[in-house]
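Here is what each chain is made of, one letter per residue.
Number of protein chains: 2
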Amino acid sequence: MPGISKSIDAFRESPTRRIDAIRERLKRERRDVIVLSAGQPSVPPPRDVRMALGEELLGDDMELFAYTPSQGRRELREAISDDLRRTGGVEVDPDDLTVTAGGQEAMFATFMTILNPGDEVILMDPTYFGYKPILEYFGARIVRVGLDMDDGFKLDVEALKEKVGPRTKAVVLVSPDNPTGSVIGVNEVKAVADLAVDRDFWIVSDEAYRMLIYEGSHAYPYTYAPDRVISINTFSKDPGMPGWRLGFVYGPRELIGRIKLAGEEMTYCPPSISQRLALLYLRSREREAHVRRVVEEYRARRDALMQAIKRFLPEAKFQVPHGSMFVFMDLGKYIDDGDSFAEHALEKHGVAVVPGSYFSDRYKQAVRASFVWEPAHRLEEGARRLGEAAASWKGNPGRRE
Amino acid sequence: MPGISKSIDAFRESPTRRIDAIRERLKRERRDVIVLSAGQPSVPPPRDVRMALGEELLGDDMELFAYTPSQGRRELREAISDDLRRTGGVEVDPDDLTVTAGGQEAMFATFMTILNPGDEVILMDPTYFGYKPILEYFGARIVRVGLDMDDGFKLDVEALKEKVGPRTKAVVLVSPDNPTGSVIGVNEVKAVADLAVDRDFWIVSDEAYRMLIYEGSHAYPYTYAPDRVISINTFSKDPGMPGWRLGFVYGPRELIGRIKLAGEEMTYCPPSISQRLALLYLRSREREAHVRRVVEEYRARRDALMQAIKRFLPEAKFQVPHGSMFVFMDLGKYIDDGDSFAEHALEKHGVAVVPGSYFSDRYKQAVRASFVWEPAHRLEEGARRLGEAAASWKGNPGRRE
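Line by line, the protein sequences are chains A and B.
For the first sequence, position 82 matches number 82 in this note's numbering, and the numbering has no gaps at all.
Quick note, this note's numbering runs 1000 ahead of the 1-based positions in the second sequence.
Isolated chain A, as found in the complex (with noise of 0.2 angstroms):
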């Protein structure tokens, strides 16, 4: 075989992509798996949006199986900026946001487009696992802020502006946060805005769980510091359409255009089906009661998990999440290695969550669990099951043999 590139080693297979091979095995074996792994939604867009476009399909119109505008169509661009004045309250031009395939995309060109070798980039620790193989493979330095779970992973900003130096080009805010659940608060948010102003590094704020919160309210970054916030978003979460790939950036306006030529040379344009997907349904009646419908089921979902955990997990730690799909438990009092007690749980007791080590450097001992994808009795058959895997643990101190 000719050579390949250097630079590709940065990437290994995902994390998830690992634990869900072991599922597909176990499926194949018949074997019923609780999964807690999952970062998807369980409920699809509404009926009416699917419906609309079911009808347009027949149509033999060519404008639906057409290339778009790489920056997306005009008239999602438009919808967003409305839904995005609507629902949080932000002024953000249509022409200073970029339409992309899905949030992966977007996190993928926006560091393409600023970084160059040798920049350092603060990530919180935990964080979501995707951002360091993309920051390793342009060559950048990953320098963490941990966060502590005894202060609700509250962001610490003196910590943070301790880590900022002169090779600094971007800080990441995941919020809601993908894997704890907490939301940073306005003051912090505000903080860090003035931060990037005064220091001139960008905030790239991941705001894919925007609409999923249980308690409390989402700060939208660009609020406070316009010219340094990158904002990635998608529809993966609402309405819940992840396979379709659409998700959006947006930004100061020069920046903008050239994430959209990041994005023309990986994908020529966003899937137009998905484009199409989107705006019915940020045009739809249904918008409004269909985030307060998914939210209110995911939150019975969360508190039904939550109370599971008490009871077959008295020991484990964790925060009570306020936003997106997940909590991060810390299993120290029963586990020594959250790695391989997340495949012990799977192998043998049918019970699929992420290992904390995929998020950070300092709960090893943690796992994250969804509780969106699974319905509520089969969320505490989960609890039982990491319950019974915790008991039955090797390294664990009180395991009756």
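Rather than coming from a laboratory, the hints here were simulated on the basis of the structure.
Please note that a few of the clues may not be correct.
Pairs of lysine-lysine, DSS-like flavour, derived with a Cα cap of 27 angstroms [unchecked claim]:
hint	chain 1	residue 1	chain 2	residue 2
1	B	Lys1132	A	Lys6
2	A	Lys6	B	Lys1163
3	B	Lys1348	B	Lys1310
4	B	Lys1006	A	Lys163
5	A	Lys6	B	Lys1006
Could you slot chain B onto chain A? The hints should help.
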């Protein structure tokens, strides 16, 4: 604004996008434009297939909306493998191919996977304009092999051999070709395959138009050098869903695994809805009849355009295209510069073509015209307008003032 990447300057507004922008303006001014610039089909996928997908949209199964494996769904990869065997006699194991978010992602992920800065990549001249910015971005040196219209743009293997050196990482073949419509013969394909094995370089084989052949047949390079060929494919031209962003790459398994990981970082997975449509299409009884109908339709349109060119642009030089969607015409007898002529033709005469300079350093007085987007009577009108534009061209030696 904090700084941006130094490498990203390789990305500029795509040439066809610039033509599109003028077209958009003329559309707003409600001027009729004959579109010979579009590189996309005018026939949507079969109605039965669209109807089946529309019905699935009404189900509440999250499967249609969920993430898929980053390599694409197993059933789709099996269907693609079967289809390659049936339509081309090529044996490709479903594990030796990865599904991508369109041919563009296939191209980008391929070069991301194989290139190191300073590598040389050999492109034909003329060739598809999409390769240059990607190669420049990854720091490759582009080496060109000229093709002559007088020889029917036939690939001269001896000339290619002279350009192969110790730094040659890949040779890009596009057949059926964009922009010339030429089809590389089996002897040339075999000779390049032998050379690739002998000199150990990759053949990046762009087979986007493999089903759109009007005379002759497609030679599959993979058949002759399976360890050296990376085959780039798309569902944009067949069945005609360019905006839905779906393609695939096949080649040596180890490399495909790497390209899959690159795609996973870029877009996480190919669009699930598009995968579903492609699967329904490939498994449909309509599949072969659809291709036959489309090829007949496009052949008739091609013939109409050829006739009209002979009538309205009798001094245009061109080869009758045997495949793809385009004719590449040298208008050197009428004009001195294809770029300004294309703008002139669009602005003053309402006919859109793509300048030859986008594809070639040699044919700067040429233009590319698509014969598949407009119906026959409008192709004729388009040629008439081109003739008028040529007659009114300021640099035209025979121009009547």
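Against the structure, the hints come out as follows:
1. Proximity of B:Lys1132 to A:Lys6 is assessed by CA-CA distance (about 21 angstroms); at most 27 angstroms being required, the pair is judged to hold.
2. Restraint check for A:Lys6 and B:Lys1163: satisfied, since their Cα atoms lie roughly 25 angstroms apart, inside the 27 angstroms limit.
3. Taking the CA atoms of B:Lys1348 and B:Lys1310, the gap is about 22 angstroms. The hint holds against a cut of 27 angstroms.
4. Taking the CA atoms of B:Lys1006 and A:Lys163, the gap is about 25 angstroms. The hint holds against a cut of 27 angstroms.
5. A C-alpha spacing of about 20 angstroms is found between A:Lys6 and B:Lys1006, which places the hinted pair at or below 27 angstroms, so the restraint holds.
When each numbered hint is compared with the structure, no violation occurs for any of them.
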